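2 protein chains.
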Amino acid sequence: MIKNNYNKLTSITYTELEKIVGTDNISNNAEQLEKYGQDETEDFIFLAEVVIKPTTVEQVSAIAKLCTENKIPLTTRGAGTGLSGGALPIKGGVLLSMEKFNKILHIDTRNLQATVEPGVINYIFQEEVKKLGLFYPPDPASWGSCSLGGNVAHSSGGPKAVKYGTTRDYVLNLEMVLPTGEIIWTGANTLKYSTGYNFTHLMVGSEGTLGIITKIVFKLIPLPKQDLLMLVPFTNAEDACKAVGAVFMAGITPSAMEFMERDAIDWSIKYAGEVNFTIKEKWQALLLIEVDGNDAEILMKDCETISEVVQQHNCDEILFADSNEQKNALWKIRRKVGEAVKSNSVYKEEDTVVPRAELPALLNGVKEIGNKYGFKSVCYGHAGDGNLHVNIIKGELSDEVWENELPKGINEIFELCKRLGGTISGEHGIGMVQKPYMPVMFSNAHLQLMKQIKLVFDPSYILNPGKIFD
Amino acid sequence: MIKNNYNKLTSITYTELEKIVGTDNISNNAEQLEKYGQDETEDFIFLAEVVIKPTTVEQVSAIAKLCTENKIPLTTRGAGTGLSGGALPIKGGVLLSMEKFNKILHIDTRNLQATVEPGVINYIFQEEVKKLGLFYPPDPASWGSCSLGGNVAHSSGGPKAVKYGTTRDYVLNLEMVLPTGEIIWTGANTLKYSTGYNFTHLMVGSEGTLGIITKIVFKLIPLPKQDLLMLVPFTNAEDACKAVGAVFMAGITPSAMEFMERDAIDWSIKYAGEVNFTIKEKWQALLLIEVDGNDAEILMKDCETISEVVQQHNCDEILFADSNEQKNALWKIRRKVGEAVKSNSVYKEEDTVVPRAELPALLNGVKEIGNKYGFKSVCYGHAGDGNLHVNIIKGELSDEVWENELPKGINEIFELCKRLGGTISGEHGIGMVQKPYMPVMFSNAHLQLMKQIKLVFDPSYILNPGKIFD
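Chains as they are written, first to last, in numbering that gives the first Met the number 0: chain A, 0 to 469; chain B, 0 to 469.
Nothing false has been slipped in among the hints.
If several chains are the same, the list does not tell them apart, and a pair holds so long as it fits within one copy or across any two.
Derived DSS-like pairs (lysine-lysine); straight-line CA-CA distance at most 25 Å:
#: 1; residue 1: Lys241; residue 2: Lys218
#: 2; residue 1: Lys129; residue 2: Lys162
#: 3; residue 1: Lys218; residue 2: Lys417
#: 4; residue 1: Lys300; residue 2: Lys224
#: 5; residue 1: Lys162; residue 2: Lys130
#: 6; residue 1: Lys417; residue 2: Lys214
#: 7; residue 1: Lys341; residue 2: Lys375
#: 8; residue 1: Lys162; residue 2: Lys300
#: 9; residue 1: Lys162; residue 2: Lys224
#: 10; residue 1: Lys162; residue 2: Lys218
#: 11; residue 1: Lys70; residue 2: Lys434
#: 12; residue 1: Lys450; residue 2: Lys64
Simulated from the structure, these hints should not be mistaken for lab results. The structure presented is a predicted model; accordingly, all values stated were derived computationally and were not measured.
Based on the provided sequences and hints, a complete structural model is requested.
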């Protein structure tokens, strides 16, 4: 996969890399290269020439400088849970794993901020701040294993994003290493910032193509004291989608508003184990709706309002989770859908997003396009954000159709997203797999600007080459 | 002021400009040039060679193209309420006033979004969305006259930012004209976006140096139904600053948390007229604290908690505003401080911002630095955000000291901000007046990256030249 204009790693640079990080933190054995050549995106494997695990920012700086000088591809990896191939070393070279940057450096309860290293696992961070009565809301489905640095690189969302925003909304400042080895802070540890071009926001979502994040300053908020969870079944998936918008129009902002199609539910339950309630035959879709806050009475009132709204949209009997156990069971069904689909068939996952009220049009359009091209899709996702994960299932499709016809169908889905005011990725990023579809969203002039910005930061084009655009 | 490398407007290009916008929308008479040569920054006047008021995006595109081709400076202006000289045409050329882009194009109640032109006045927009039960929170002190486009260009804040964020947090998508005349949308109308480099966030706060905004898609939220306002006096300004952090640590996020020093209060009352309560001699600072929400009982509880906290920080007797009239009177005092200071003396306003809990250290530092350099300062601002507006008063200082010594003092204030984790502008922007201090915040490598990004968008360097950096 390495293009001619990149250099191969020579024994000299391997030795130099080894000098930087020490023998224990570098490897080029086949097993390691294979392990670090995958993420959670379909079944891709791309081998780097070396896997390196720095432990200090100075080491990262030295590695970046060396790779720039020798024009060697340098791909940064968080925990490898990405869904767009962002961490795959598709041009070979150096795979830089940030897993040893795993310290929560400071939780500042005076300013409601925390400074962390990028390799910290999302869930661990959440639990640590919770102990101090604080809350870090972004919670991707992979929160148990994904890294905060990876979350920043993709502006990851999760169920709570509908009320609390995505990772972007919590990043105040970043320490980053430029490809030259220079170390800068992107901004300041402040809630307001109007001091020249905002590099913090440029870095968020840039998928490791502009610099290497070595520290993150997050904003935290007070932890809501209570939450209520309800499961709302519908016999018609479009009704469920319509109910989503109606809840917000009634003045309620739930802390989660998740949508699952029938197949998603069945597959997830089959994969994740039994549930202690009956999934009726006639249900075609579920909404999982959570409200949170500090006052139980108000939350109950919110739930009543929501109940009225969903009933107007022909829901079946609503289930309220009456224990933490039941809440966890319901969340497990939702969180495991992705893995369940993956275990079931070859598939492609699209991360479509539209303005919330266009969700019914998106869902219908996806099904129509599926009928046209002969593919089945399993849809679920963050309906409150208009963010629908469309899992296209290979099933009985021939390799020929899968390779040649499917991209046309995906193109049509993305064109529909754009027409509805949406875009081709809400929280997974472009990485490698969505790259061919960027022209659906952007004019050539727009893409050229992106490429030139890439060159400003990374003139040798060594950082995560081949991602977002060619 | 025009450097040799820019061209003067020739009669040919004036005629061409006239053809684009029509005779009624172009002028080069002295009165117009003077009027559009000022904003609210100190007493600066810089004359453009022509003032032009386009009415369509196609006109803006044609103007941009013409200026690029002829290498003529092009400075975009909103309503001219800026405090950093961002809209001043310091290199001459074309002054592009967006005042005729004044339409609210669509308020989308299904998706809680609105599409507006950039010349719409902030307050008018707020009132229009309110009629539909919706809320657009950013409310700079100049809300009655500032434009939404200018707000985007500086990521303006205002009192509500402490709970609801700044303009940045409400911009979903922008239509912008590039200097080449190309028209692009920066993103999508979605709450989540992970689709390549985020141009929406790059444009916000870029002060008209990268492109010309012609449409804005804003996120809206449901309008809170109630608010309560309390005025908390302190006999010691540092106590007031300390109380600010303590309120947040008690788990309350007020919808406003404003700080005023004694002088700011006196000057504002003198300027804005009498108030219907007594300002006691011993008061050295006031906090204006607002809470909002949908439930009166909870707001009362919040106020009780706040009262307990501020009493622990030695406040004097708390005043609750008991009518809309009194609320407006209190807000008027706060909103008029800036104008009051301006009417009183030659001054310079610094827009310092630090993490909230560092506010006492910032206030003390500002006073110490003032003592060292012999200047008096009047401080007030958005204390809940750690955003302190420091008005340095010329008073009896000699021109010599004002010109040569004061910049050293300002430099020290900004160095202090940086040391405390803050920055040199929270919401006013860099524009012309803070430009010399950028090296306090940024390394040369960092500034070079900004300049190169400028060149990616604007290779002829015609857009608002001489702002943010040289």
